[in-house]
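Quick mapping for you: the protein sequence lines, in order, are chains A and B.
Residue 296 in the numbering used here is what sits at position 296 of the first sequence, and the numbering runs on without skipping anything.
Residue 213 in the numbering used here is what sits at position 213 of the second sequence, and the numbering runs on without skipping anything.
FYI, nobody ran anything at the bench for these hints, they're computed from the structure.
Wrong hints could be hidden among the right ones.
[Said to hold, decoys possible] Using C-beta positions, here's what the derived DEER-type ranges look like:
(1) B/ASP173 to A/ASP410: 38 to 46 Å
(2) A/GLY182 to B/THR364: 30 to 38 Å
(3) B/ASP173 to A/LYS115: 55 to 63 Å
(4) B/LEU228 to A/ASN329: 58 to 66 Å
(5) B/ASN118 to A/GLU67: 41 to 49 Å
(6) B/GLY10 to A/VAL365: 47 to 55 Å
(7) B/THR79 to A/GLU33: 55 to 63 Å
(8) A/SER371 to B/PRO372: 53 to 61 Å
(9) A/GLY77 to B/GLY10: 33 to 41 Å
The beta carbon of each residue, even a glycine, is placed where N, CA and C say it ideally should be.
There are 2 protein chains.
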Amino acid sequence: MVSVAIMGHGVVGSGVAEILTTHKQKLFASIGEEVYVKKILDLREFPDSPLADRFTKNFDDIINDLEIRVVVEVMGGLTPAYDYVKRCLKAGKSVVTSNKELVAAHGAELLAIAKEENANFLFEASVGGGIPIIRPMNQCLVANIVDEIAGILNGTTNFILTKMIEDGMQFDDALKLAQELGFAERNPAADIEGHDACRKICILASLAFGKHVYPEWVHTEGITKITLDDVKYAEAFSSVIKLIGKVKRLKDGKIDIIVAPMLVPNKSQLANIDYEFNGIMVRGDCTGDVVFYGKGAGKLPTASAVVADVIDCCKHLKTRKYLYWTDGNGKNIIPFEQSVSAMYVRAQGDDIISKAQKLFGDVTVITKDNSPENEKAFVVKEMPYGEFTDKTAALESDGVKVLSSIRIGDL
Amino acid sequence: MVSVAIMGHGVVGSGVAEILTTHKQKLFASIGEEVYVKKILDLREFPDSPLADRFTKNFDDIINDLEIRVVVEVMGGLTPAYDYVKRCLKAGKSVVTSNKELVAAHGAELLAIAKEENANFLFEASVGGGIPIIRPMNQCLVANIVDEIAGILNGTTNFILTKMIEDGMQFDDALKLAQELGFAERNPAADIEGHDACRKICILASLAFGKHVYPEWVHTEGITKITLDDVKYAEAFSSVIKLIGKVKRLKDGKIDIIVAPMLVPNKSQLANIDYEFNGIMVRGDCTGDVVFYGKGAGKLPTASAVVADVIDCCKHLKTRKYLYWTDGNGKNIIPFEQSVSAMYVRAQGDDIISKAQKLFGDVTVITKDNSPENEKAFVVKEMPYGEFTDKTAALESDGVKVLSSIRIGDL
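All chains, full assembly: derive it from the sequences and hints.
Shown next, in the form of structure tokens:
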């Protein structure tokens, strides 16, 4: 019997408790031992839970219990999760978390402590919810050098964008609907400003390239400025607008990492990933493109990924999984101004295209029905983002108002 | 240092040798030891290989070498692969194979020997080439009860069907092109008759449901009877024709397993998996649908999956991976006549629709341009396949010639 504790009894935590209880037989068959939920930490009361007798409000009941070998952290946020997880690892307990904020902010430090204490620190559920991605990347793709990772990593924004694309809803209405359906939080900033997707691409980039990438080093744009006009022009360009987290290895060994809305060509495997689903493309030098697709959030999908990690910990109580990266200093990341991309531009004014051609050279004009006479949309060829912003500034000086500019995703 | 042997130096085998040589540093970082290719078994001569000094034509050089702990079998076929693999496992060596024929025919026996000898028998590359599927199913989805697996498991047939759909090519021309491009063998029977896909769904079904499913128990249809007319009617029905391997858990615990061409709705994630790509959907009770997508064959994708297994064996020389199923007797599989599906029918004759309605009840008529006057296509509602064939026989007795019938994939 392996005793585990669960810190947090919210959506994911209660799902973890549920799966550990309802799938007992399957789990036993997999590890040859029973997994016993000994303690659940939560400040709230759950008198009707079948596990009511296991609840505690005191972290000491977990940290001081030598029988508890595996601790699940599903509280979310950094306080007190960071402190608790650190203390559990230092006590030699393995920790499983779904907390992307924690892994993105302190992953390297926590992995180093786990290594020192010969414990495991696993976080499959922190990216892609129920989609297996961390483990396949770490294990199955071990024989590959990863060249690029690109993904739709946030279900809330993907739901909003899909509603704009499929049903012609305005951003605000789609957001409101997402909130009503429980896909978006009351305060949706972390999702719609791109911070959640940023944490996830940071975790994947750290894993793939071996050095921690902190979110604050990553240029991050959300989807709040995306309009229905942009969605329609994208359609006319055989593309859909998706919020993409992307990291690419450059020839000099540095990485180009960004979170931003992009025009994704319809033929891309990521273009058909709609609503609350997530999809992650990993480009390996041997495998080529491998895409993982599924529900990126939700109680049971996320909880099942947590439980898979718990099982892995139970099987490896004495050995460590080789999941590891070192701390980073950001020097392996190019400034986003150097990041090269083709760009979509929507602008207002007179003689827009001829003015744009003077600055950008050849541009591809996109036309759609019912556009105002003085509005044009076009795509400019690949160039560093800094050069692009210089040239759009010049375009504005020439009397053209740039209404929006979005990267073209080469996916 | 861990010494390994590679049996077979064909496309995949030479890829394995190449990756083990070119990715030395990455592999070392992952396992903390060097992987050394000590022997390569092949009857042919490879004097120009950088590993020319390691070749042998004698299996005894491998089986008798106590230093060789991991053996890669990439010869293909059953003879002598089956005998060699069995002897290696009995000698306590771990075996990694990409040979789906071997795993589908003898998986349960070989897994049992591996268990007895405390060795590993791994075969990630046998399904989906470079796509991680066996390991994610076994590990990440351990907290799920699998309800259904459906996949495009054969790149050759998917290439042919895509060419028919996208370019309007006839089957024979598309097959010839696939052969020219190296996607199809000179004798394409195993692919186009569905046997290759059958082996793969058997492996996935055995893994998911714990009992070996032998290919001869599975109703298997290929794509040789698919015509351009069917492709066009499918298009008019917002679907594409794909060769699908599918297994589903029924309420009574039995399974419904089949390989057949199906009309897949355009909105399905499997509909957009084109050309030589494979895609596999795993429906878990907790995760919901998870889809894995990538190149299902090819030298380096397949070889990288083999190498990932080799690494896993090297990390687990003393412990076994819990990858296991027992032998089966077929009693958990329902006869294909009981398998329930809606059906597409194309037929020739007079008053087809009214005659069909008399037998099938309501049918959905599909129309397309340029169809002969006396040809109709329609979809009948879900029923057991046995009932469907009885009714089509009655339809034929009523003077209607059934030109083709294809299952509707509920995917």
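Here is what the structure says about each hint:
The hinted range of 38 to 46 Å is not satisfied by B/ASP173 and A/ASP410, whose Cβ atoms lie roughly 32 Å apart. With their beta carbons about 35 Å apart, A/GLY182 and B/THR364 fall inside the hinted range of 30 to 38 Å. Taking the beta carbon of each, B/ASP173 and A/LYS115 are about 58 Å apart, inside 55 to 63 Å as hinted. Taking 58 to 66 Å as the suggested C-beta distance range, the pair B/LEU228 and A/ASN329 conforms, at roughly 59 Å.
Under the hint 41 to 49 Å, the C-beta atoms of B/ASN118 and A/GLU67, about 29 Å apart, miss the expected range. For B/GLY10 and A/VAL365, the Cβ-Cβ distance of about 51 Å falls inside the hinted range of 47 to 55 Å, so the restraint holds. A C-beta distance of roughly 41 Å is found between B/THR79 and A/GLU33, which places it outside the suggested range of 55 to 63 Å. Checked against the hint of 53 to 61 Å, the pair A/SER371 and B/PRO372 fails, with Cβ atoms roughly 44 Å apart.
Between A/GLY77 and B/GLY10, the C-beta spacing of about 54 Å breaks the proposed range 33 to 41 Å.
Violated hints, in rising order: 1, 5, 7, 8 and 9; the structure is consistent with all others.
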